[in-house]
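Protein sequence lines, in the order shown, are assigned to chains A and E. Reading the first sequence from the start, the letters are residues 1 to 387 in my numbering. Reading the second sequence from the start, the letters are residues 1 to 382 in my numbering.
Take these hints with a grain of salt, some might be off.
[Claimed, not checked] Cross-link-like lysine to aspartate or glutamate pairs, in silico, EDC-like; alpha carbons within 20 angstroms at most:
(1) 245(A) to 275(A)
(2) 351(A) to 24(A)
(3) 110(E) to 258(A)
(4) 252(A) to 242(A)
(5) 245(A) to 295(E)
(6) 113(A) to 253(E)
(7) 90(A) to 65(A)
(8) 351(A) to 25(A)
(9) 64(E) to 18(E)
(10) 200(A) to 227(A)
(11) 364(A) to 14(A)
(12) 369(A) to 218(A)
(13) 239(E) to 65(A)
(14) 148(A) to 14(A)
(15) 107(E) to 380(A)
(16) 90(A) to 35(A)
(17) 215(E) to 248(E)
(18) 200(A) to 380(A)
(19) 178(A) to 242(A)
(20) 107(E) to 259(A)
(21) 84(A) to 65(A)
(22) 239(E) to 300(A)
(23) 351(A) to 121(A)
(24) 110(E) to 259(A)
These are computed hints drawn from the structure, not numbers from a lab.
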Amino acid sequence: MYDVVPLVQTAMSDNPSFVLRGIEDVVYENRPIPDITDTEVLVEVKKTGICGSDVHYLTHGRIGDFVVTGPMVLGHESAGVVSKVGSKVKHLKAGDRVAMEPGATCGSCEFCKSGRYQLCEDIIFAATPPYDGTLARYYRIPGHVTYKLPANLTLEDGALMEPLSVGVHSVATLAQLKTGQTIAIWGAGPVGILCMAVAKALGASRIVAVDINQARLDFAKSYVATDIFSPPALDPNESTVEYSKRTAEALKQALGIEDRGPTAIDVVIEASGAEVSIQTALFVVKTGGTYVQVGMGVAEVVVPITMLMVKELKVKGSFRYGPGDYKLAIQLAAQGKIDLKPLVTHRFAFKDAVNAFKVTRTGKSEDGKGVIKAIISGPDVSVDDIN
Amino acid sequence: MESTEADNLSFVLNAIQDVSFQPRPVPKSLGDHEVLVEVKKTGICGSDVHFYKHGRIGPLVVEKPMVLGHESSGIISQVGTKVTHLKPGDRVALEPGAVCNLCHECKIGKYELCGNIQFAATPPQDGTLGRYYRLPAGVSYRVPDSMTLEDAAMIEPLSVAVHAVANIGDFRATQTIAVWGAGPVGLLCMAVAKALGAARVIAIDIVPSRLEFAKNYAATDVFLPPPTNPNESGMEYSKRCADTMMTEFGLQERGGANVVDVVVDASGAEPSIQTALHVVKVGGTFVQLGMGTADIQIPMTLMLIKEVTIKGSFRYGPGDYPFAISLVSQGKVDLRPLVTHRFPFGQAIEAFKATQAGKSEDGKPVIKAIISGPDVSPDDHM
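Start from the sequences, fold in the hints, and give me the full structure.
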């Protein structure tokens with residue numbers, strides 16, 4: 001299926017890279033080792049997780065207006081070991097194990113200055129065209145978004161800091177979930193699960209997971225969710241909004257949830273991108289509640305806008321992560337409030353990188369095991385060496 | 001219409017499009033913290049007309065005869081025993097919602113969301129189109145002599161605009177706002193933005209005469225959307241509207257001075273809402289104020305990537321009425337140009353008809369029609 005040139009055993013003085021050439025067309029190339037500036041570090045990438053957006057570039061060559069126009073190294077969810085530091089980087093030294101926040105921002109635009117660097121127009125984001133990603137031996141990254149990992153976190157934990165930070169951004173930063181509040185999350189994939197983990201770590205009193213996949217729901221229940229809900233089957237005679245209203249009512253009835261008062265749902269996170277999930281979540285969240293859209297799916301969806309207005313809902317779009325999110329993510333994991341280990345379901349050697357994409361795309365490996373997060377090890381790194 | 005002070009002649013909705021004048025009992029027992037007001041001026045809005053025409057708005061159904069009206073002002077007739085800040089004869093604007101003050105929403109400063117609210121002319125609560133109306137003293141606000149009672153009746157829709165723009169929208173001086181829908185509520189949103197020191201106030205409407213009025217009232221710029229093209233989808237049309245508008249006014253999604261910081265939909269129309277989401281700056285705020293089509297298609301992925309905040313705005317909450325009154329008494333908002341039609345109490349139905357049609361029988365466009373109380377002349381603005 002893939003025209004992959006088999007990887008030849010190489011020395012550390014090269015930079016084998018996993019490159020997307022076009023749709024469904026990946027290859028290994030030896031790229032020059034990047035030079036770093038005085039504020040950057042060079043990291044030997046050890047572990048890289050794969051997510052839906054990586055797969056999407058492979059299968060579609062684009063996401064919206066971001067189009068792959070030339071060969072591009074893939075990968076952005078990484079951790080590694082510092083190889084060398086720029087002269088102005090004081091908080092790191094060669095040999096430090098680090099989590100990598102893969103976005104280099106300009107620091108001078110209105111968004112960078114006002115605390116929303118995730119909206120920086122000039123961001124250089126790993127594996128978002130035209131910028132290369134992290135699936136190589138080396139990656140060059142600003143020191144200020146390279147975070148030393150505490151001793152009790154593995155490099156696999158480090159790679160998971162990226163999707164965990166997405167969860168932190170949605171739940172902690174945007175939704176501002178408080179201890180004791182209740183939350184419901186649609187989509188029990190890796191991002192949804194990590195949103196649930198953040199909610200639990202912040203002391204949510206109730207965490208409801210919603211998904212159409214029973215295996216995902218069961219995992220959520222065994223992991224952090226207090227309640228799970230499987231939506232009823234669609235009825236061909238009803239509109240999507242009618243279905244969503246019905247589903248919302250069924251969920252509220254089943255779980256004893258009301259629109260106001262102590263049993264109301266304070267925050268909802270939509271992590272699936274599916275239209276009916278979006279609608280249902282809007283119906284379920286309490287009057288005056290907060291809804292965060294983190295799932296990217298159908299570009300245009302029908303929403304019950306009058307209901308949104310009458311309930312005075314706050315609906316916020318959540319894009320990647322901003323200042324403070326990685327730091328909080330690392331803290332929550334380091335303090336033992338979030339256990340990332342159950343989320344790593346599949347591991348692949350660098351030479352088998354394409355298989356990580358395959359299983360993430362299908363949702364399970366050939367042996368039928370469900371995928372949450374597939375991790376690719378760096379060149380010359382054993383998949384079993386997770387530290 | 002013959003009536004005496006001993007009765008409480010009221011304009012009642014009996015059934016869909018079936019109204020009549022009925023004497024109702026004068027409210028006798030006044031709570032310690034309540035006041036009885038002689039209602040002098042009442043404005044009519046789209047929701048009043050909707051109840052008249054359809055007997056319901058969404059899940060709120062008129063099940064027994066109900067007095068209409070909620071945008072009112074009047075003169076204090078009696079005060080409860082513990083009321084100290086008002087006395088008989090005081091001229092007041094009425095905030096027509098009595099809340100419980102005990103529920104979570106009341107306590108956190110969002111009483112507009114009180115589940116126990118008794119709101120005038122929202123079933124089953126009677127409205128203000130009677131001789132008398134009884135309400136909590138805490139939502140009866142004295143207005144200065146520089147304001148007429150017509151001004152005071154207009155404080156209700158102005159407070160809706162204050163809630164949307166100043167409170168929910170958190171609009172600030174030197175920002176730019178765009179408002180879709182140049183009806184009374186949209187116009188008042190523009191007036192609030194202007195009063196708060198907007199750099200630009202952009203009005204959008206499909207009716208040219210409304211845009212003309214907006215330009216002379218509070219808008220710095222006006223935009224008439226292009227005609228639709230049968231070959232394009234609704235979303236494509238909205239994107240085209242947004243691109244055209246942004247080109248015409250030199251607007252961008254990012255970049256400091258040329259962005260639209262806050263967008264307000266005061267129309268409830270799908271193309272307006274879609275266009276607004278395209279126009280608002282990256283990281284901006286969209287306020288949904290208009291009530292129209294219940295379910296509409298929005299560009300959700302775009303909203304996500306731009307990290308837009310969409311906020312619903314419903315009626316008004318703590319501080320909005322006093323803020324509105326201050327804006328008027330300080331001369332920062334002029335309500336008078338918006339009163340286009342005046343009717344005596346006996347012709348109350350004409351106010352509904354004109355508001356529904358958008359113009360009176362002589363063709364004059366309606367912005368706000370005001371009904372005077374029993375025995376009050378429409379020419380006496382009080």
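Exercise for the section: Would you list, in rising numerical order, the hints stated earlier that this structure does not obey? Expected result: 7, 11, 14, 15, 18, 19, 21, 23
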